Amino acid sequence: MTDTIQPATRTLRAALIGNPNSGKSTIFNALTGGNAHVGNWPGVTVEKKQGEFKYNDFEVEVTDLPGIYSLTPYSIDERIARDFIVKEKPDMVVCVADASNLTRNMYLLVLLRELGANTILDLNMIDMVEGKLDINIEEIKKLLGIPVIKTIGTKGIGINELKEAIINAVSAKPSALQIHYGVDIEQAIHEIELQLQKIPSLYNKRFIALSLLQEDPQIEEEIKNEGFGAAVEAALVKAAHLEKKLGFDLETGIIEKRYGFIESIVKQSTKKLLSLEDKLTISDKIDKVITNRFLGIPFFALFMLATFQLTFKIGGFFSDYIDQFFSWLGEIVGGIQLPHMLSSFIVDGLIGGIGNVLVFLPNILILFLILSFLEDVGYMARAAFVMDRVMHAIGLPGRSFVSMILGFGCNVPAIMSTRTISEEKDRLLTILINPFMSCTARLPIYTIFAGIFFSKNQGLVVFSLYALGVIVAILSAKLFRVAIPSLKGKISPLVMELPPYRMPMLKGVFIHAWERSGEFLKKAGTIIFVGVVVVWVLSSFPQSYEYASEGTFIGRLGHIIAPLLKPAGFDFWQVGVALIFGIIAKEVVVGTFGTLFGGEENISLALQKLFTPLSAYSFMVMSLLYIPCIASIGAIYRETGSVKWALFSVAYSLILGYTVAVLFYQIGSLVL
Amino acid sequence: MSLIFAKVGEEVAVESITGGRAAIKRLQEMGIYPGTKLRVIANSNGPLIIGLGNTRIALGKGIASKIVVKDQILHM
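Chains A and B, in that order, are what the protein sequence lines are. Read in order, the letters of the first sequence correspond to residues 1 to 672 in the working numbering. Read in order, the letters of the second sequence correspond to residues 1 to 76 in the working numbering.
Next up, chain A with everything else stripped away, as it sits in the complex (with noise of 0.2 Å):
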């Protein structure tokens, strides 16, 4: 055996950073090579994404941050990057900045390098200065004394210089970015240092020293942690003596000295030939219509309304293939010699549960389309923007919207995508009223029932459900803000961005909607599989009593909960153990009804016998609200890091879901 000599590789371990829409996305895309989202409203990355590209003999990880502007831990989304910048220490941090809005962009890129990170400059969106603005790279090189790179991420201009300059900025070691802040400043900065000699902190002293003067909390607590609290209670003294002194807020002024340490470069490095700002953009003009102040809600109930029809129409076409092909599948397993068991098993079980949730599969790939499409097209921002002012009057910021919005698709994504509000409170109360909103899992249902007895206005009524998700989230948000202490408080105001809109590259969008139904796939594999195989046991067994009948063991058990049932119009065993079943994920109601009743057909007619359009209407209602899965549940603890709101969220859901789709019964009852 002869030994073939591998080159010697290295492992190197980049993080990507940059402000929302300066196209960090792209460039993890293009520098990986990967499936990573290209996303289009501010804070799409909130998720740790990593990725891996090779170079020479170089093997670089790259880590793609959040979009932020700041490190400072004002949201969520900055606690992580700063953190991972400091903790976890990554050989360089590549700043993505957009070369059409330096100064801004640049603002992170000073952070990053008083914080002393081996940072890589990447001018991104270099053709969208071309003609109006000459940037110098080498000037701004010599003045920040880092590599600088120009890159156009869509097209992949560039990208192998910033490979090489990454590769080769593996053994820099700058020394941490100094910005004068005046003498008094300075002096406050030198005295902190001075008590701060002996800290271990992972931190540069100076760095913490300016922190502290800035009323940062983390670093307060961290420092006080590593047992300096007198240094951060006399940099608070300092700071307000400071404040008084100089006639300003410090933290102010510190920002405004950054910025002029910024004006001063590009003023160095750049030269204007033409002005940026002159001519409304072909996105302003769009925006006059889509943001109008009387179209812009209009708008946006339309394209909601399409959304559901499209995903409907569509989705439906070939939802019946599906169905029809599973009906066939189950035949021929029917018409195989097996054991008795083993053909039930497969047939009632599997296709009969499983099956009965895959035909779904494509409405719920045509929501993810559509709702990535809009997305990345730009419209999410517009919709947060125009609902605004709705929101406000109901208590949350316009930003809240995007969450909810995104809720259709699914919960748990949307509950994390509040790690971008920044005002706490919000961001609780987002989380909390998210579940309300119809994810893809309970579109099954509301398809097997609009389908069944509301053939004529299905899209209407599946709306209509959407809708009450909608109002029961608004209601509820009121409510908490006024009945719950903790959550009182003023809302936080909008300052978003708006990104210019741009036709989403096609093949993003089917990424991006892929990956989503995909989550959906392996649910289906993993624990609706689960929940539909301890249904099928639990109505096999005892043996002695028929499949799926009322002595089973999930007879049994449904019968423990029909009565409480009653009073909302379906109190039948199997309705019962549906319901239970559903905590698992929601889409397990349907695979229940598959595995009790067989195939589509079958719950046809089964649920004809059982439910009238009325008690129909009022098990939808109970299936939107009565709880979250346990997916969401997992999200609402993980992001609110507190297991009392998590039990608040299933409590209050259940009371809720319980209450209305009663109180929608027995009033229907009396007046229809």
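If you are wondering where the hints come from, they were derived from the structure by calculation, not from laboratory data. Be careful, since some hints might not be right.
[Unchecked claim] Under the rule of at most 30 Å between Cα atoms (straight-line distance), these lysine-lysine pairs were calculated in the DSS-like manner:
hint	chain 1	residue 1	chain 2	residue 2
1	A	K132	B	K37
2	A	K141	B	K37
3	A	K288	A	K272
4	B	K70	A	K425
5	B	K70	A	K490
6	A	K245	B	K70
7	B	K25	A	K267
8	A	K132	A	K49
9	A	K288	B	K37
10	A	K87	A	K163
11	B	K7	A	K244
[To be verified] Interface residues of chain A toward chain B, partial, derived using beta-carbon atoms under 7 Å:
hint	residue
12	S70
13	S100
14	N101
15	R104
16	D388
None of the values given here were measured: they were computed from a predicted structure. In this text, a Cβ means the ideal position worked out from N, Cα and C, and glycines have one as well.
Got chain A; can you put chain B on it based on the hints?
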């Protein structure tokens, strides 16, 4: 004058920002601070859209009212 009184199409320079610390900071980090030139893209009795170079930023009326601006005198 306050930014909310600026007319659509007008170019103004930020003079000062009043109001809460957090709000001021947020604006500064987005690139809005004394000396910044803003263009009013939309302003119709609700949130405003302002232009900062190529960037468009939506500002709620409340926070916009706290940005004090000066008309740019258009001299060549």
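Status of each hint after checking the structure:
1. A:K132 - B:K37: Holds. A:K132 to B:K37 sits at ~18 Å (cutoff 30 Å).
2. A:K141 - B:K37: Roughly 27 Å separates the two Cα atoms, so the pair holds.
3. A:K288 - A:K272: With a Cα-Cα distance of about 28 Å, the restraint between A:K288 and A:K272 holds, given a limit of 30 Å.
4. B:K70 - A:K425: violated (35 Å)
5. B:K70 - A:K490: holds (29 Å)
6. A:K245 - B:K70: holds (28 Å)
7. B:K25 - A:K267: holds (24 Å)
8. A:K132 - A:K49: With a Cα-Cα distance of about 34 Å, the restraint between A:K132 and A:K49 is violated, given a limit of 30 Å.
9. A:K288 - B:K37: holds (21 Å)
10. A:K87 - A:K163: holds (24 Å)
11. B:K7 - A:K244: violated (37 Å)
12. S70: holds (4 Å)
13. S100: holds (4 Å)
14. N101: holds (5 Å)
15. R104: holds (3 Å)
16. D388: This interface hint holds because 5 Å falls under the 7 Å limit.
Checked against the numbered hints listed earlier, the structure breaks hints 4, 8 and 11; every other hint is satisfied.
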